[in-house]
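J.: Chains as they are written, first to last, in the working numbering: chain A, 1 to 282; chain B, 283 to 432; chain C, 433 to 535.
Please note that the accuracy of each hint is not assured.
Unchecked claim - No farther apart than 30 angstroms at their CA atoms in a straight line, the calculated lysine-lysine pairs in the DSSO-like style are these:
#1 C:Lys438 to C:Lys517
#2 B:Lys344 to B:Lys333
#3 A:Lys229 to B:Lys424
#4 B:Lys344 to B:Lys327
#5 C:Lys511 to B:Lys344
#6 B:Lys327 to A:Lys63
#7 B:Lys424 to A:Lys63
For the record, the hints were derived by calculation from the structure and aren't laboratory data.
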Amino acid sequence: MNRTNCTALLPITALLVSMLLSAPGWADPAQDLAAFQNFYQKRFPDIPLAAHKDGAYALDEAKREQWLEMEDFPPYEIAVDDGAELYDEAFPGGGGYADCLGDSAPAVKQLYPRFDGEAGQVVTLEQALNQCRVEGGLEPLAYEGEEMAALAAYIAMESRGRVFELASPADPGALAAYENGKQFYYTRRGQLNFACSSCHLQSVGMMLRAERLSAAVGHATHWPVYRGKWERVGSLHKRFQECNEQVRAEPLDEQSETYRNLEYFLTYMNNGMELNGPASRK
Amino acid sequence: MQFDIKRRRLVQGLLALTALAIVPLRALARNKEAFEATSPDDALKSLFGDKAVSDSDQVSLKVPDIAENGAVVPVTVESSLAGVASISIIVIENPNPLSARFQMNPAVAANISTRIKMGQSSDVVAAVETDEGVFVTRKNVKVTIGGCGG
Amino acid sequence: MAKPVKIRAKLKGEVASIKSLMPHPMETGTRKDPEGNVVAAHYIETVTCEHNGETIVVADWGPSVSKNPYFAFQILSAKTGDTVKISWTDNLGETSTGETTLK
Numbered sequence: 001m002n003r004t005n006c007t008a009l010l011p012i013t014a015l016l017v018s019m020l021l022s023a024p025g026w027a028d029p030a031q032d033l034a035a036f037q038n039f040y041q042k043r044f045p046d047i048p049l050a051a052h053k054d055g056a057y058a059l060d061e062a063k064r065e066q067w068l069e070m071e072d073f074p075p076y077e078i079a080v081d082d083g084a085e086l087y088d089e090a091f092p093g094g095g096g097y098a099d100c101l102g103d104s105a106p107a108v109k110q111l112y113p114r115f116d117g118e119a120g121q122v123v124t125l126e127q128a129l130n131q132c133r134v135e136g137g138l139e140p141l142a143y144e145g146e147e148m149a150a151l152a153a154y155i156a157m158e159s160r161g162r163v164f165e166l167a168s169p170a171d172p173g174a175l176a177a178y179e180n181g182k183q184f185y186y187t188r189r190g191q192l193n194f195a196c197s198s199c200h201l202q203s204v205g206m207m208l209r210a211e212r213l214s215a216a217v218g219h220a221t222h223w224p225v226y227r228g229k230w231e232r233v234g235s236l237h238k239r240f241q242e243c244n245e246q247v248r249a250e251p252l253d254e255q256s257e258t259y260r261n262l263e264y265f266l267t268y269m270n271n272g273m274e275l276n277g278p279a280s281r282k
Numbered sequence: 283m284q285f286d287i288k289r290r291r292l293v294q295g296l297l298a299l300t301a302l303a304i305v306p307l308r309a310l311a312r313n314k315e316a317f318e319a320t321s322p323d324d325a326l327k328s329l330f331g332d333k334a335v336s337d338s339d340q341v342s343l344k345v346p347d348i349a350e351n352g353a354v355v356p357v358t359v360e361s362s363l364a365g366v367a368s369i370s371i372i373v374i375e376n377p378n379p380l381s382a383r384f385q386m387n388p389a390v391a392a393n394i395s396t397r398i399k400m401g402q403s404s405d406v407v408a409a410v411e412t413d414e415g416v417f418v419t420r421k422n423v424k425v426t427i428g429g430c431g432g
Numbered sequence: 433m434a435k436p437v438k439i440r441a442k443l444k445g446e447v448a449s450i451k452s453l454m455p456h457p458m459e460t461g462t463r464k465d466p467e468g469n470v471v472a473a474h475y476i477e478t479v480t481c482e483h484n485g486e487t488i489v490v491a492d493w494g495p496s497v498s499k500n501p502y503f504a505f506q507i508l509s510a511k512t513g514d515t516v517k518i519s520w521t522d523n524l525g526e527t528s529t530g531e532t533t534l535k
């Protein structure tokens, strides 16, 4: 495993992790956000924070070149076309997605996930899409299916250039969900006993076999993703499943409460960053 | 009056000559045998018969040194040779080495790009065919198994 | 009916740079699905490119061309208003096409 100058990083990392894991009841998301983004600025002083929206391609020139070739005419465009067709479908009950999603529709990805006080849970874009469908008289789409992926890809494309401006979790319900996501992020799991932070924070930028570990700032900006490995467009939750499987932990279902809370925490840590989905990844 | 007719005939004649310059593509049918060949030599033989095959620095092959994903390896073949009739891509270690063959007429530049599958690390060979023979170049591409991202 | 060929054309002077993306599974016939059944070979065999109705490129492919194939080439003397058409046929006899006019 490639090692960059780790010794200098240990104190910073230790300080950050201890700050972030301090007494759950005193969670201050805004403070967490500042510390989190500050960590990556310090860790990569020559890379602007915004550049991390390209993940490992902001850190590895050779990989970046291949990625740019894919992005020249990326396969996710097919899913975007399919999604556009789905989006234009009128609801049997009247109206369509545009009426349901709000003013900036279809550019709405920057608004999710959000905490729904009434429902008492985090609502993601995919859930909101299904809510629209059901209210309009259509069957909900399977979260793992290609139709949902296509619809999400279209909305992501339309939302490109927008910026995450999530409200800081404030009320008890939102804070609890945020805390739950944050705990998951920093908790070791699986046979390999890694937490999300083990790779994407503590070892960020290092090589893991042939992989370059990408920064968590930028992890929420570019979904859904046409992953070469999947040969299709898939969601962030699908990636969570894979990451969990790869450390030999049990994967959870897409759109399960825990993954939604994780997405909530992760997206808030990406607040202020520009959306650049859908994206190609290896 | 006479001068005008002569001029018109001259222009018409020149136009006719220009039209002849656009040679319609007489493409050979898909060479099933070549695509089913399991060795690079058999594939080359099926494609080019006894035509001489030689290395050439007038053929350039752009492929990554280490492919991010063996299922989608970007390939660009370019050649400065004159009269290119076809460009073929052969992946030595693939079960069926011949991946693609592009036949073109002079209206098209000898410069094509595509994305191919590689089963494992292998040399990739670009074969450019002209009247003079078959000219090749090759590059090695490493195909990795990813770590936790793989 | 298979999805159409997506084409992006850029005219610079007299050279038209043509990029295409063709939705297609490009199954090799050796892959197994999650249930363990072999997925039948299904791949584009021949691609024909036309410029103003005249065939200029014929590409023959095997299943080792990537899924959702990408193919780029350049037409040496082109002008605004020219049409470029790209069609394919696969090993199961399915076909599709795409067309664009140079701007």
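J.: Determine for every hint whether it applies to the structure shown.
T.: Cross-check of the supplied hints:
Taking the CA atoms of C:Lys438 and C:Lys517, the gap is about 10 angstroms. The hint holds against a cut of 30 angstroms. At most 30 angstroms may separate the alpha-carbon atoms for a hinted pair to count; B:Lys344 and B:Lys333 meet this at roughly 25 angstroms. Distance hint between A:Lys229 and B:Lys424 is fulfilled; the C-alpha atoms sit about 17 angstroms from each other, no more than 30 angstroms. Distance restraint check for B:Lys344 and B:Lys327: the Cα-Cα separation of roughly 24 angstroms lies within the 30 angstroms cut-off, and the hinted pair is therefore satisfied.
Pair hint C:Lys511 plus B:Lys344 holds up; C-alpha atoms about 29 angstroms apart against a cutoff of 30 angstroms. Among the hinted pairs, B:Lys327 with A:Lys63 is inconsistent with the structure: their alpha-carbon atoms are about 36 angstroms apart, more than 30 angstroms. A distance of roughly 13 angstroms separates the Cα atoms of B:Lys424 and A:Lys63; the hinted pair therefore holds under the 30 angstroms criterion.
Checked against the numbered hints listed earlier, the structure breaks hint 6 alone; every other hint is satisfied.
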